[in-house]
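Novice: Protein chains in written order, with full-length UniProt numbering: chain C, 1 to 328; chain S, 1 to 505; chain G, 1 to 341.
Simulated from the structure, these hints should not be mistaken for laboratory data.
Nothing here was measured: the structure is a model prediction, and the numbers come from that model.
Ideal Cβ placement from N, Cα and C applies to all residues, glycine included.
Hints are supplied without guarantee of correctness; some may be wrong.
As the list claims (entries may be wrong) - In the PhoX-like style, the derived pairs of lysine-lysine whose C-alpha atoms are separated by at most 20 Å in a straight line are:
id : chain 1 : residue 1 : chain 2 : residue 2
1  : S       : K135      : S       : K189
2  : S       : K164      : S       : K191
3  : G       : K87       : G       : K30
4  : S       : K346      : G       : K64
5  : S       : K402      : G       : K64
6  : S       : K346      : S       : K402
7  : G       : K64       : C       : K113
8  : S       : K126      : S       : K189
9  : S       : K239      : S       : K497
10 : S       : K452      : S       : K423
11 : G       : K87       : C       : K309
12 : S       : K423      : S       : K402
Stated by the list, open to error - Anything over 10 Å on all C-beta distances counts as not near chain G; from chain C, calculated:
id : residue
13 : T28
14 : S32
15 : V35
16 : F40
17 : T79
18 : P92
19 : G123
20 : N142
21 : A148
22 : G158
23 : F161
24 : A174
25 : A175
26 : A249
Here is how the chains run, residue by residue.
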Amino acid sequence: MLKRQHMPIFVTIALFAFMFIAGSFRYTGFFSAQVLLNLFIDNAFLLIVAIGMTFVIISGGIDLSVGSVIALTTMISSTLLQDGWSPVFVIPLVLLLGLLFGGAMGAIIHYFKIQPFIVTLAGMFLARGLCYVISTNTITINHAFYTAVAQTKVTLPGGNFVSISVLIALLVFAAAFYMAHYTRFGRNTYALGGNEQSSVLMGLPVARTKIGVYMFSGFCSALAGVVFTFYMLSGYGLHAIGMELDAIAAVVIGGTLLTGGFGYLAGTLFGVLIQGVIQTIISFEGTLSSWWTRIVIGLLLFFFILLQKLFSSRGPLQRNIALDGKKD
Amino acid sequence: MEERRPILQMRHIHKQFPGVKALSDVQFRLFPGEVHALMGENGAGKSTLIKVLTGVYSIDRGEVELEQKRIVIQGPQDAQAAGISTVYQEVNLCPNLSVAENIFIGREPMRFGRIQWKKLNAAAAKLLEERMHLKIDVTQPLHVYPIAIQQLVAIARALNISAKVLILDEPTSSLDRGEVRQLFDVMNKLKSEGLAILFVTHFLNQVYEISDRITILRGGEFVGEYAASALPRIELVSKMIGKELKLLEELPKQPAAAEKKESGILMEAKSLGKRGAIEPFDLSIRQGEIVGLAGLLGSGRTEAARLLFGADAPDQGSLVIGRGGSAQTPRRAIDNGIAFCSEDRKGEGIIDDLTIRENIVLALQASQGWFRSISRKRQTEIAGQFIEALNINPPNPDQLIKNLSGGNQQKVLLARWLLTDPKLLILDEPTRGIDIGAKAEIQKLVMSLSQKGVSVLFISSELEEVLRVSDRIVVLRDRRKVKELQGDEMSEQSVMKAIAGGGEG
Amino acid sequence: MKHHLFWPVTLLALLLLFNLLYDPSFFSIKIRDGRLYGSLIDILNFGAPLMLVAIGMTLVIATKGIDLSVGSIVAITGAMACMTISKGTDQNSLGLVAMAVIMALGLSLLLGLWNGFLVAGIGIQPIIATLILMVAGRGIAQLITNGQIITLNSGNYKYIGAGDLFRLPFSIFIVAVVFGAAVLLTRRTAIGMFIESVGNKPVASRLAGIRAKSVMIAAYLFCGLCAGIAGLILSSNVSSADGNNAGLWYELDAILAVVIGGTSLNGGRFYLAGTVIGALIIQTLTTTIYVINVSPEITLVVKAFVVLVVCLIQSESFRQAIVSRWKTRRYPAEKETTRHA
Numbered sequence: 001m002l003k004r005q006h007m008p009i010f011v012t013i014a015l016f017a018f019m020f021i022a023g024s025f026r027y028t029g030f031f032s033a034q035v036l037l038n039l040f041i042d043n044a045f046l047l048i049v050a051i052g053m054t055f056v057i058i059s060g061g062i063d064l065s066v067g068s069v070i071a072l073t074t075m076i077s078s079t080l081l082q083d084g085w086s087p088v089f090v091i092p093l094v095l096l097l098g099l100l101f102g103g104a105m106g107a108i109i110h111y112f113k114i115q116p117f118i119v120t121l122a123g124m125f126l127a128r129g130l131c132y133v134i135s136t137n138t139i140t141i142n143h144a145f146y147t148a149v150a151q152t153k154v155t156l157p158g159g160n161f162v163s164i165s166v167l168i169a170l171l172v173f174a175a176a177f178y179m180a181h182y183t184r185f186g187r188n189t190y191a192l193g194g195n196e197q198s199s200v201l202m203g204l205p206v207a208r209t210k211i212g213v214y215m216f217s218g219f220c221s222a223l224a225g226v227v228f229t230f231y232m233l234s235g236y237g238l239h240a241i242g243m244e245l246d247a248i249a250a251v252v253i254g255g256t257l258l259t260g261g262f263g264y265l266a267g268t269l270f271g272v273l274i275q276g277v278i279q280t281i282i283s284f285e286g287t288l289s290s291w292w293t294r295i296v297i298g299l300l301l302f303f304f305i306l307l308q309k310l311f312s313s314r315g316p317l318q319r320n321i322a323l324d325g326k327k328d
Numbered sequence: 001m002e003e004r005r006p007i008l009q010m011r012h013i014h015k016q017f018p019g020v021k022a023l024s025d026v027q028f029r030l031f032p033g034e035v036h037a038l039m040g041e042n043g044a045g046k047s048t049l050i051k052v053l054t055g056v057y058s059i060d061r062g063e064v065e066l067e068q069k070r071i072v073i074q075g076p077q078d079a080q081a082a083g084i085s086t087v088y089q090e091v092n093l094c095p096n097l098s099v100a101e102n103i104f105i106g107r108e109p110m111r112f113g114r115i116q117w118k119k120l121n122a123a124a125a126k127l128l129e130e131r132m133h134l135k136i137d138v139t140q141p142l143h144v145y146p147i148a149i150q151q152l153v154a155i156a157r158a159l160n161i162s163a164k165v166l167i168l169d170e171p172t173s174s175l176d177r178g179e180v181r182q183l184f185d186v187m188n189k190l191k192s193e194g195l196a197i198l199f200v201t202h203f204l205n206q207v208y209e210i211s212d213r214i215t216i217l218r219g220g221e222f223v224g225e226y227a228a229s230a231l232p233r234i235e236l237v238s239k240m241i242g243k244e245l246k247l248l249e250e251l252p253k254q255p256a257a258a259e260k261k262e263s264g265i266l267m268e269a270k271s272l273g274k275r276g277a278i279e280p281f282d283l284s285i286r287q288g289e290i291v292g293l294a295g296l297l298g299s300g301r302t303e304a305a306r307l308l309f310g311a312d313a314p315d316q317g318s319l320v321i322g323r324g325g326s327a328q329t330p331r332r333a334i335d336n337g338i339a340f341c342s343e344d345r346k347g348e349g350i351i352d353d354l355t356i357r358e359n360i361v362l363a364l365q366a367s368q369g370w371f372r373s374i375s376r377k378r379q380t381e382i383a384g385q386f387i388e389a390l391n392i393n394p395p396n397p398d399q400l401i402k403n404l405s406g407g408n409q410q411k412v413l414l415a416r417w418l419l420t421d422p423k424l425l426i427l428d429e430p431t432r433g434i435d436i437g438a439k440a441e442i443q444k445l446v447m448s449l450s451q452k453g454v455s456v457l458f459i460s461s462e463l464e465e466v467l468r469v470s471d472r473i474v475v476l477r478d479r480r481k482v483k484e485l486q487g488d489e490m491s492e493q494s495v496m497k498a499i500a501g502g503g504e505g
Numbered sequence: 001m002k003h004h005l006f007w008p009v010t011l012l013a014l015l016l017l018f019n020l021l022y023d024p025s026f027f028s029i030k031i032r033d034g035r036l037y038g039s040l041i042d043i044l045n046f047g048a049p050l051m052l053v054a055i056g057m058t059l060v061i062a063t064k065g066i067d068l069s070v071g072s073i074v075a076i077t078g079a080m081a082c083m084t085i086s087k088g089t090d091q092n093s094l095g096l097v098a099m100a101v102i103m104a105l106g107l108s109l110l111l112g113l114w115n116g117f118l119v120a121g122i123g124i125q126p127i128i129a130t131l132i133l134m135v136a137g138r139g140i141a142q143l144i145t146n147g148q149i150i151t152l153n154s155g156n157y158k159y160i161g162a163g164d165l166f167r168l169p170f171s172i173f174i175v176a177v178v179f180g181a182a183v184l185l186t187r188r189t190a191i192g193m194f195i196e197s198v199g200n201k202p203v204a205s206r207l208a209g210i211r212a213k214s215v216m217i218a219a220y221l222f223c224g225l226c227a228g229i230a231g232l233i234l235s236s237n238v239s240s241a242d243g244n245n246a247g248l249w250y251e252l253d254a255i256l257a258v259v260i261g262g263t264s265l266n267g268g269r270f271y272l273a274g275t276v277i278g279a280l281i282i283q284t285l286t287t288t289i290y291v292i293n294v295s296p297e298i299t300l301v302v303k304a305f306v307v308l309v310v311c312l313i314q315s316e317s318f319r320q321a322i323v324s325r326w327k328t329r330r331y332p333a334e335k336e337t338t339r340h341a
């Protein structure tokens, strides 16, 4: 039953298991359900962003604006709360804004055929800049609802607990999983990443799918922003700097092809968990400094990109590319 | 038979592109339950006609009727909705999706907003088995299967959208014999079910094997429609290749090459071949000799030339240039005195963004390396010389090459290679798509080069041209070298016979 | 057809004009302590690192590539140089400073080679290949400085980024030299033509006998070196190395400068002078926003719009959408396939 296309995701899961087991042997107190759950608690927002990013990358694009959209969401939320708005309005509003923001970028990418990289780069500048237009300072949130959500511990059988953010993230994960595998939108996204020209010739709604993918990513970023406000209880223009890189790294480590058309959400989940484990190991080690996280993630990124390269150059996926134009 | 009415009829189709008449007054009809071959060489207008049918191009004038109703096709979706489906050589499906999905994507069976995978897979398996006699695991991604299967899947998708007309655009180009057999079985079955199939191929054997009727186009014009059984092979070839205009006939015929036979061998290929491109062939070229490479489009002409230049790597055989030189990469080949003008002028020849001057000196500069730069002044001088010698228009070395006409671009490319002072010049369709005057100039140039001792490998679809310039002609058919003709053996008749094959070896 | 510098120069002129109208003293240059002072000098001085990075980026983009790691390289080289000097007994010793500079620049070349190897050697898409170093780079920089912000007390090192020569900031001369070298290298040798050829038509270039891989590696090497020099100037200017924040956003500003300068992201023709003006426009914009007393972070919003507008102007689809809306809607595929015929 082990299909060749499942290989990358097995490598990812094996790597996670290995890291977790290695950590358990090396550090006392590492091997516990709570440490595992903490990975989710500390990375709930990253998981949400990475899910949106997975769709974008599967469709053959990239979204660099996610970190900035998170920051913008925290800013808008905290300002509106400060002005006395109710979370009942604030949360739907920021989610809607994220959706529109992503949709606008998707429309520009599709209709004007500008590279996604550059359009979302502009989006990144714009969202980050808008944060500072609102304020250059940290705005703390002391709205009862937010603090309550932040402090609520959902106890699981066995005495361990997770946060509400984790539940939200898992809900998004389940919804995204369903969307990817059981809806036309999901399948069209895969088709688009597999071969855009074919998708057009097969009569698939390419415009709708492409714009939809960026809308979803924008929505996920905004939702991650909401979760991030629960986590930080503040709005700040410098929040989530470089988060787009973490998200891309999680997606790639999760086995999704950066060239599009292939990838699994489960892989992304483990990509996020691997980043969490690295951080946990480094904090348990004590003598290792935080910057090792970045170096190790960089190395993993390199390793997985190399793996993808080997994987795809042997596969017949390459054959169709070679037919389009002789490779130099 | 003759009482039936055509399902598809195209009348007086005109299509003009900037500078080129792609189709003029072309007609075409297709009956239900027949396989109809559309034949023609490069630039004949086949692809344009098909693109009109699939809604990629609009037409300037003319009408298209499907089932006696006039239709206007405005895009691929339109064509599909009307019942015209196309399967291309480069299968236009998504290699990353499963076989079943590729057949049904966009029309998946849904229930409560959820794709019914079991139903979908079962339907796909049933469709493939019943209509294609194909039993495969439909949950596997498409890319794990060979192109032949992918094509059958594409046909299955087309049938599932209830196609009335199926267009197969060079489906057999990358298939082996067994796979072609499999495809033909399916085609015969579909034909008997009443489907109308338009079939495009370069392989004559296949045309006669499968098709009932043949329409020939040449130079964007309608030559005729024939029943396949009533059109001898050789006649088909001559109708496709046709006659050239008077102007060229006045050119002097290449003088008998008696003294060239004495000259040394410049390049020798022994059982050089590449799987799927060209079967192993022997070829030796003498100094100052012009060797013509004849054969229909897709016969392996370009593939052979690319191996000789190192543009593609052979998987067997050997190639020796002069005394032990090789051509593993274009760079090596150029160092050993080989030059190659690709048939794909726009994709593999000109550098759009650069000027005439830069395009001319590019190859010479590349062989001189990064630092022994040719000065701007010298570049302008060189460009000026070639502009004058080859009559390049506009005569401005600093004009961007993308603004030139096809013929002038070709001359610039010739200049690029002449500047490297090659021993062997490989010209792949150097006269295609350029006007008659430029054509004559290029032929004259080739002959004068040979007199100066440069060898030329001359590839062209136009038989008369090959006959006129060549000392010796190598004929390719179905990716194989089938004949070598020289001296008195070289006649239109003998070359056509070799190209057509069939009756004799 | 307007000269390729027309729009960049116009934009810069308009920006300067705006400043002049807003504050007539903008153009005034004073001599203080034997050195020229004024907004214009500041723009040149503070814009120097960006100009350098953008010059390198121009060549990479011309080969149809992109280098996202320049910001990280800026941080790494700054850290390397500062670390080397801080280890010495006499921080001001000329030999030590020279060695630090050489080591830092050597390292930047190595990093450029790494990028070039991934892109040309292994064949990874440039965005992804350089993303690796972009992610890992800041970690490496902090590794070198051991996570601390290293401060120096070395007059000789400080001269690189804060010294002056002929009454002008020394960094301006560095930019001039690098720019001159880049122009000489690309226009007096054949490298420039090869870069344009490879970026424009990789396949045709290979068939013309150009060693495309070497050309690409050279571009990434040069880009690495430029980022390295920028890293030296930045760290020397503040006499310290901050692995986390040095060179932050530089890759984006550099790409923006290149695009404003008229070089297309699709590779091919490149314009070094345009890039330098592009970098000056960005720097002037930043300065202007300071002058008119708006929160400086708003620059980002303005930049976002500049990126969009420039890309839209370069986008064929956009232009055609404006020129002939109805036609592209009716046969969208025709435009792309007309090359056939």
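Novice: Hint by hint, note whether the structure agrees.
Specialist: Okay, the hints, checked on the actual structure:
1. Distance check on the hinted pair: K135 (chain S) and K189 (chain S) sit about 16 Å apart at the alpha-carbon level, within 20 Å; holds.
2. A hinted pair counts as satisfied when its Cα atoms are at most 20 Å apart, and K164 (chain S) with K191 (chain S) qualifies at roughly 11 Å.
3. Pair hint K87 (chain G) plus K30 (chain G) does not hold up; C-alpha atoms about 39 Å apart against a cutoff of 20 Å.
4. A threshold of 20 Å between alpha carbons decides the hint, and for K346 (chain S) with K64 (chain G) the separation of about 18 Å falls inside it, so the pair holds.
5. Simply put, K402 (chain S) and K64 (chain G) have alpha-carbon atoms about 19 Å apart, close enough for the 20 Å limit, and the pair holds.
6. For the hint linking K346 (chain S) to K402 (chain S), the alpha-carbon distance of about 9 Å falls within 20 Å, and the restraint holds.
7. This hinted pair checks out: K64 (chain G) and K113 (chain C) have alpha carbons roughly 17 Å apart, not beyond 20 Å.
8. The straight-line distance between the Cα atoms of K126 (chain S) and K189 (chain S) is roughly 16 Å, inside the 20 Å bound, and the hint therefore holds.
9. At roughly 13 Å between alpha-carbon atoms, K239 (chain S) and K497 (chain S) fall within 20 Å of each other, so this suggested pair holds.
10. A threshold of 20 Å between alpha carbons decides the hint, and for K452 (chain S) with K423 (chain S) the separation of about 10 Å falls inside it, so the pair holds.
11. The suggested pairing of K87 (chain G) with K309 (chain C) is violated, with an alpha-carbon distance near 42 Å, which exceeds 20 Å.
12. For the suggested pair K423 (chain S) and K402 (chain S), the alpha carbons sit about 29 Å apart, so the restraint of at most 20 Å is broken.
13. Residue placement check: T28 (chain C) keeps its beta carbon more than 10 Å from all beta carbons of chain G (closest about 26 Å).
14. Annotated as non-interface, S32 (chain C) keeps its C-beta farther than 10 Å from every C-beta of chain G; the closest such distance is 28 Å.
15. At the 10 Å boundary, the C-beta of V35 (chain C) stays outside the reach of chain G, the nearest C-beta of that chain being 23 Å off.
16. Here F40 (chain C) stays apart from chain G, with its beta-carbon at least about 23 Å from theirs, past the 10 Å limit.
17. With a least CB separation of 15 Å from chain G, T79 (chain C) remains clear of the 10 Å interface cut-off, as annotated.
18. In this structure P92 (chain C) is separated from chain G by more than 10 Å, as the shortest Cβ-Cβ distance comes to about 25 Å.
19. Against chain G, the non-interface label of G123 (chain C) is violated: not every CB pair exceeds 10 Å, the least being about 7 Å.
20. Every C-beta of chain G lies more than 10 Å from that of N142 (chain C), the closest at about 25 Å, which supports listing it as non-interface.
21. Its beta-carbon lying about 32 Å from the closest one in chain G, A148 (chain C) satisfies the requirement of being farther than 10 Å from that chain.
22. Against chain G, the non-interface label of G158 (chain C) holds: every CB pair exceeds 10 Å, the least being about 36 Å.
23. Under the 10 Å C-beta cut-off, the non-interface status given to F161 (chain C) relative to chain G holds; the minimum distance is some 32 Å.
24. Every C-beta of chain G lies more than 10 Å from that of A174 (chain C), the closest at about 29 Å, which supports listing it as non-interface.
25. The Cβ of A175 (chain C) lies farther than 10 Å from every Cβ of chain G, with a closest approach of about 28 Å, so its non-interface assignment holds.
26. Listed as outside the interface, A249 (chain C) is inconsistent with that label: its C-beta sits roughly 6 Å from the nearest C-beta of chain G, within the 10 Å cut-off.
Going through the hint list in order, the structure does not satisfy hints 3, 11, 12, 19 and 26.
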